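Student: Residue numbers (the working numbering), protein chains in the order written: chain F, 676 to 1220; chain A, 676 to 1220.
Hint data in this document are derived by calculation from the structure and do not stem from the laboratory. Heads up, some of the hints might be wrong.
No distinction is drawn between identical chains; accordingly, a pair holds when it is met within one copy or between any pair of copies.
Restricting the straight-line Cα-Cα distance to at most 20 angstroms, the calculated cross-link-like pairs of lysine to aspartate or glutamate (EDC-like) are [stated by the list, open to error]:
{"hint": "1", "residue 1": "LYS964", "residue 2": "GLU1120"}
{"hint": "2", "residue 1": "LYS1166", "residue 2": "GLU691"}
{"hint": "3", "residue 1": "LYS742", "residue 2": "ASP990"}
{"hint": "4", "residue 1": "LYS964", "residue 2": "GLU1189"}
{"hint": "5", "residue 1": "LYS1015", "residue 2": "ASP909"}
{"hint": "6", "residue 1": "LYS964", "residue 2": "ASP990"}
{"hint": "7", "residue 1": "LYS696", "residue 2": "GLU1110"}
{"hint": "8", "residue 1": "LYS1191", "residue 2": "GLU928"}
{"hint": "9", "residue 1": "LYS940", "residue 2": "GLU847"}
{"hint": "10", "residue 1": "LYS1129", "residue 2": "GLU746"}
{"hint": "11", "residue 1": "LYS1068", "residue 2": "GLU1036"}
{"hint": "12", "residue 1": "LYS1166", "residue 2": "GLU735"}
{"hint": "13", "residue 1": "LYS942", "residue 2": "GLU1169"}
Treat the numbers as computed from the prediction; the structure is a model and nothing was measured.
Each chain, written out:
Number of protein chains: 2
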Amino acid sequence: MKIALAQLNFHVGNFEGNFSKMKSAIADAIKQGADIICFPELAVTAYPPRDFLEFSDFIELSNQTIKRLTELADDIAIVVGAPSINPVIEGKDLYNSAYFLAEKKVLHITHKALLPTYDIFDEYRYFEPATSFGTVTYKGKKIALSVCEDIWNVGNENPLYTICPLDESIKESPDFIINISASPFSFSHADDRLDTIRKNTLRYKVPLFYVNHVGAQTEIIFAGGSVVANQYGDIYDEMPFFKEQLKVYDLDEVSSSRQNQIRKKEKIEMIYQALVLGLKDYFGKLGFKKAILGLSGGIDSAVVAVLAADALGADNVRCILLPSQYSSDHSVNDARILAKNLGAQYDIVPIESIYGAFMEELDIHFRGLPFGLAEENLQARIRGTLLMAFSNKFGNILLNTSNKSEAAVGYGTLYGDMNGGLSVIGDLYKTEVFELANYINRNKEIIPTNTITKPPSAELRPDQKDSDSLPDYDILDRILFEYIEAQKSPKEIEEMGFDAKLVARILRMVNINEFKRYQMPPVLRVSDKAFGIGRRMPIVGKYLS
Amino acid sequence: MKIALAQLNFHVGNFEGNFSKMKSAIADAIKQGADIICFPELAVTAYPPRDFLEFSDFIELSNQTIKRLTELADDIAIVVGAPSINPVIEGKDLYNSAYFLAEKKVLHITHKALLPTYDIFDEYRYFEPATSFGTVTYKGKKIALSVCEDIWNVGNENPLYTICPLDESIKESPDFIINISASPFSFSHADDRLDTIRKNTLRYKVPLFYVNHVGAQTEIIFAGGSVVANQYGDIYDEMPFFKEQLKVYDLDEVSSSRQNQIRKKEKIEMIYQALVLGLKDYFGKLGFKKAILGLSGGIDSAVVAVLAADALGADNVRCILLPSQYSSDHSVNDARILAKNLGAQYDIVPIESIYGAFMEELDIHFRGLPFGLAEENLQARIRGTLLMAFSNKFGNILLNTSNKSEAAVGYGTLYGDMNGGLSVIGDLYKTEVFELANYINRNKEIIPTNTITKPPSAELRPDQKDSDSLPDYDILDRILFEYIEAQKSPKEIEEMGFDAKLVARILRMVNINEFKRYQMPPVLRVSDKAFGIGRRMPIVGKYLS
């Protein structure tokens, strides 16, 4: 028996596009002699469809797509994820289901039992958990279907859940398991997946075919990396990361082989590729081609410009240099060199005269008050406004260049440098931005060395340095990580050797700046805890603030 | 037996403040001879604590507060909501619990079974549902405790759930029921609560004491309106809306009375009071006093100014008039008259010269291109930037004045008029803003009549009217309501008598503007479906777009 895994890039709500993509993959798989083709979890709607699931019209369109796929399930069986309607009045209206289409009908359907409802996941918002499990027999083979999270409580190791679905379906002695997934990328999560799959095959002593989404839906990036493992716990194949692929596997060969083909996963390289894919899909799925960004000469905007040029082509990236009276000469030079290195268009728009016009109107109201935060933010907002003027005029989407460290402590101007349709590096701490810059320059100097080595500065007043108001980034980032990712208490963080006053100050900065992050653009997610929909914090809260 | 209901305004994460408030209510209740005092759901942490619940330090602080309350449970029993730790490793770490504190110990604890996970609610993100139910006996009375949603599936009428918790605890024949709630306000929901409570008492034939939160946590407003009902289904008392109150009830009196004391609930009056409370608490809980807003002479900013003056005092509201070359004379006049009527400070800051400075710098880049969206948005962004300059300089929080109709169709400028810490009327359709303006003027003209009667206009180019690009608001708002609140399909909306092309155009506008609403300030929620955390939509989606 031959099983095809279709690791494809779907688009939320684009039923026609998703169907076409599946149709041609089915034709391909038939050509390659596949008996079964497997598409990922909720492939019909793409993942995550979010509140579109509450619209019965949307569900109807999904059902129609399943019907069209059923018509194609003639010479081949199709495993595909889509919502299905819960026939019982009690409980949520939908199941998150794996359909088994064959002989031009729905031969079998398995619902998901473990519904992730944490971080970016809201599945219990929409779906009723499955309570019964079974198998389907096709061409003499018994197959256990499962959906994503349902393989993640193997041996009841996951404290989140009380049941282990495959412990039930395995009672029917399936020949192999198919798992269809939509498992988002995070750089620290990539190897967990292999461990989990290995554990399942060792426990159930049958091969497992795991197919994952690839591609980004706004901020959530799916890496692909689909896996075929056999009953010995060997990883027979791991499909590429960040790329579409259709591949056909022979069940006997998988079962009899002892090969282990695991891909090397380097953190920074994966992050780079994830962000490029995230950018590409954001533009592609919205139907836009061209980006714009403010290039300051600093490291954040430099890294974003490189990523954008890689994702969209340098021709589609327009860089705007927005110097003020506080900008250093080297900033403009560094920015210009970078734009030239990339081959991207750049323009210089000085903000001094506009700043002067603002201050003239404000003079009567601000008279006698010293230069301060208002004047600093004003410069950032003039820049944000100019960038949006270009964006509106020429149809370029503005890229946000904030990093995770500054977003965390509120070191950024709302409606100024926090502007943008998409935050490209908002899930990277400043120290990780440096790592990424060095990775970019690994073969030759694309980002000017001076951009990487000079002390970070917002350049909003004379001789300003980030270190005037923030601790060194290597200390700041470690404290932030312990609080944001590890959710440690102030006391626990102090006990790791950090100054108690500093810890209190940093954690307070994080918590009182929730109002800013609420209005931040969506952030391409590459870590286990990104700002945005996966981190839901009160704004008027009084904890550590 | 005397039962006190403490309908109080708590503050998320403010354990010290919440404890003090409870302590003085307990002293009061003891003075009034109460045997039991009841505080709302999650009163210790305030509702909703959101992802703070994931911090074990936060849970520890909550547990300490429960301990301190236990010490006070000497002459009186205390019913209070707080998270409790799930002792079993499987399942979520916490329960959403009602503690019964008496004799200086935790005499009993009931966990919530029905965990709302829809709209603004994320309870299954944090809590394990209860599976067993019981009662507690105190001073010879048997009491069934329950938490909020657990009374909302009476007779299994609610299709969301599969169990009815009180059907279980009633088997122990309690003398009465206590329900502690955090049930958010929406103008269409206020009477549902009475119906539900009535149904419960008629089904179980015992009195029910229902205590609700009052006050706002950022966008979510709790109205109070706590209820005492008896075994005949009579509403013995309904506590005030939008006000704190401690009130002691005699069980015998409740049981033997046939009075029905239901408060009148007028939609627009309730909305007015809800928004005032929402404003007051947003400022109060963040420790701010002063607001600023742009007064255009139009109806939206006028209504927001009135609400702000009522909530914060006219002395704390600063109005900025920001005329351009496209502003009509009457706009400035109308705005000035309103500010004077309110007794609020106002300043005029013309934007023409700043606009000129921008266009001068942009001239070389925009040369030859006609005046368009970029130039319109530029004006809005200059205004937004000026308002933020005042906000930063003087510590006034900027109020957003967008309404729900324009937020829905994207008729607003991101980083311009969409700026603000809080969207005050973002959950009111334009037609409802008119109703609110008329309500404000019911006794005398506060908002100039001209502001209400003139055709709405953004005044960003000569003779612009909203009706140039949008249908009449009475049509637009009905289409929007059917799509946003009622989640109807284009076809269903057409069948209500609307033009098919118009419906398609409007729904497309809603869906392609998700990126704007993602960066919108939190919106005070008064309807069943507000923009913000209760409506979670894909940005790169392709449905109806």
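Student: Within, between, both or neither: how does the pair LYS1068, GLU1036 come out at a Cα-Cα threshold of 20 angstroms?
Tutor: between (26 angstroms within a copy, 14 angstroms between copies)
Student: Could you figure out if LYS942 and GLU1169 sit no more than 20 angstroms apart (CA to CA) within one copy, between two copies, both or neither?
Tutor: This pair counts as neither: shortest intra-copy Cα distance 28 angstroms, inter-copy 52 angstroms.
Student: Please work out whether the CA atoms of LYS964 and GLU1120 approach to 20 angstroms or closer within one copy, between two copies, in both situations, or in neither?
Tutor: neither (27 angstroms within a copy, 52 angstroms between copies)
Student: Is it within a copy, between copies, both, or neither that the alpha carbon of LYS1129 lies no farther than 20 angstroms from that of GLU746?
Tutor: neither (62 angstroms within a copy, 58 angstroms between copies)
Student: Classify it for me, LYS964 with ASP990: is the Cα-Cα distance of at most 20 angstroms met within a copy, between copies, both or neither?
Tutor: Result: close within a single copy only, 10 angstroms intra versus 49 angstroms inter.
Student: Between the shortest in-copy and the shortest cross-copy C-alpha distance, which are at most 20 angstroms for LYS1191 and GLU928: within, between, both, or neither?
Tutor: Cα proximity of LYS1191 and GLU928: none, with 55 angstroms in one copy and 52 angstroms across.
Student: What label fits LYS696 with GLU1110 when the C-alpha limit is 20 angstroms: within, between, both, or neither?
Tutor: neither (37 angstroms within a copy, 50 angstroms between copies)
Student: Tell me, please, which holds for LYS1166 and GLU735 at an alpha-carbon limit of 20 angstroms: within, between, both or neither?
Tutor: Answer is between: at 12 angstroms across copies they meet the 20 angstroms cutoff, but 52 angstroms inside does not.
Student: At most 20 angstroms between C-alpha atoms: does LYS964 with GLU1189 qualify within a copy, between copies, both, or neither?
Tutor: between (32 angstroms within a copy, 19 angstroms between copies)
Student: When no copy is named, should LYS1166 and GLU691 be tagged within, between, both, or neither for a Cα gap of at most 20 angstroms?
Tutor: between (54 angstroms within a copy, 19 angstroms between copies)
Student: Using 20 angstroms as the alpha-carbon threshold, which applies to LYS1015 and ASP909: within, between, both, or neither?
Tutor: neither (48 angstroms within a copy, 78 angstroms between copies)
Student: At 20 angstroms max between alpha carbons, let me know whether LYS742 reaches ASP990 within a copy, between copies, both or neither.
Tutor: Neither: 42 angstroms inside a copy, 64 angstroms across copies.
Figure legend: structure checked against the earlier numbered hints; hints not met, in rising order: 1, 3, 5, 7, 8, 9, 10 and 13.
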